[in-house]
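> Going down the list, the protein sequences come from chains W and L. Mapping to this note's numbering: the first sequence position 101 is 101, numbers consecutive. One gets this note's numbering by counting positions in the second sequence from 1 and adding 1000 to each.
Treat the hints as calculated values from the structure; they're not laboratory data. Treat the hints with care, as some may be off.
20 Å max Cα-Cα, derived PhoX-like pairs, lysine-lysine [stated by the list, open to error]: (1) L:K1179 x W:K217; (2) L:K1199 x W:K217; (3) L:K1179 x L:K1164; (4) L:K1007 x L:K1182; (5) L:K1131 x L:K1164; (6) L:K1179 x L:K1199.
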Amino acid sequence: MSAAPDHTPTMARMSFGERLAPHAPVLLVVGLMLLGFIAIPATSSWLTLTVSGLAMGMMIFIMASGLTLVFGLMDVINFGHGAFVSVGAFVGVSFLLMLEHMTGASSLMLNLTALMVAIIGAMAATGLMGWAFEKVIVKPVYGHHLKQILVTMGGLIVVEQLIIVLWGPEEIYITRPEALKGAITFAGAALEKYRLVAVAVGIVVFAGMRFVLRRTKIGLIVRAGVENGEMVEALGYRLRLVFVGVFIAGSALAGLGGVLWGLYQEVITAHMGNQTMILVFIVVIIGGLGSVEGCFIGALLVGLMQNYVAFLEPKVALISNIGLMVAILMWRPMGMIPVVKAK
Amino acid sequence: MSDPILKLDGVYTNIAQYHILQGVNLEVPRGQVTMLLGRNGVGKTTTLRSIIGHWRAHNGAILFDGQDITKLPTPAIARLGIGFVPEDMGIFADLTVEENMILAAVSGPINQARLQWLFTVFPALETFWKKEAGTLSGGQKQMLSIARAMIEERLLYLIDEPTKGLAPAIITTMARAVKELKTQGASILLVEQNFAVAKALGDTANVMDDGRMIWSGQMSELATDAALQEQLMGLSVESE
């Protein structure tokens, strides 16, 4: 006979809310789109704004993804990240100007080829620059946040001035490749072709990053390193090398973002990278430092919010994203998809 | 003792302004289970962390297999053949059990035969193979942490308090795992607060106090001498 009282253990069913919680960030994007749909009177305007918001979000994501990993992996705050955006834009646009015979042609294939060349050139240049930036500027200040902020900001200023030395102080106006100009009409809504391209590129980058982070060993090292770098080293992996790799990849992605952003704005300046950094930092913070998924969802939220609010109440647009950040941080102080940090 | 696998010779480690280790001498014989004992806060964990290189020894020498590893970076030390199971288990909570194990197999893909053997030692691992490690219970996490160190053959295992806060059944599993490792010829340096476990597993014992080694000898000698235990660790086995 057992002395234990009669007792059948039961598993409490998770409540609907509990099951929903892990998906809340994604639902937030859907919710915002629905909210926009209700608030914006014409469906066609809503569709235009949504595509435009998604395109903007994707571009911000591409620029921000490297920054979030760099912070998560090595606890490095890089205020100079915007430099790579600017340099990427200038190098990419220089390529496009050289390839004018291709961008000016009406063939979509030729246009996209020219764009590809510009993107590869820009990414190679910013990747190389990222390698040097890490070696010269970031490496000496590991573990010192204040010094990181100061010295990377200094690096940003130097790079901006170098752009002015190389390309001159004037802003450069550019036109998009011929086949990417204008819009297509879908369900009565005008959808700019270029924005659709930006959305496609963003999805490809996100899918690619997810694949690398989830399906490859190097990706596992990065994810594990964000969580507990000390343990990754104790297993025998040289985290510093991985970090340099991530820094280079992140810089190259910022360069890609710069090309896309430059063509989106149709004008580039040496300070454009620094200007986008406000949105990039908002996205990195609300996403959860070190989280690529969070960064992606955060970027979409920011892009959509900006476009909806600018249409509905232009004056509020300036503060809408700060408001979004405040609201999200009140809900989840570590960001939407916080990375579990050891210690 | 002839040709120990690991030898610490007068190791001093400071953390910020605190002098934690103050001249630690330690020898870990090959193929044996060496216990590192002592009250809380005497420097046992710091000793392990100094060996793996997470904290730097400021003075003294750490010799592994005859090679001076005092100044080597952590990954290089690990690759010489040292498996480390930290006190906080060091589980990657965001990764699945499978991904944790894939990462632990540093030199290439997981050796399936060895994995099957690990499943017999820790059956829970197979059950939770695809689950995120963060969702495991404390005991399961500890099993994963040790299994991770065991997935590839190592010369030396540094294991920090593997039975802390675990249920007796799981402690038995842990003890069996340590014995299995020893049978395979590995050397083990084990920090343990549970004296019953230490008594059952240890071949040699080293007792620390205040950042120094105050006693080294055979575990059997310490286990049978209650007065010595009282004097070294201030514990009474009878109360256990």
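> Take the hints in turn and mark each one as holding or not.
These are the hints, each one checked on the structure:
Simply put, L:K1179 and W:K217 have alpha-carbon atoms about 31 Å apart, too far for the 20 Å limit, and the pair is violated. A C-alpha spacing of about 40 Å is found between L:K1199 and W:K217, which places the hinted pair above 20 Å, so the restraint is violated. A hinted pair counts as satisfied when its Cα atoms are at most 20 Å apart, and L:K1179 with L:K1164 qualifies at roughly 18 Å. A hinted pair counts as satisfied when its Cα atoms are at most 20 Å apart, and L:K1007 with L:K1182 qualifies at roughly 19 Å.
Under the criterion of a C-alpha separation no larger than 20 Å, the hint pairing L:K1131 with L:K1164 is inconsistent with the structure, at around 23 Å. With a CA separation close to 13 Å, the supplied pair L:K1179 and L:K1199 stays within the 20 Å bound.
Taken one by one, the earlier hints fail for this structure at numbers 1, 2 and 5, listed in ascending order.
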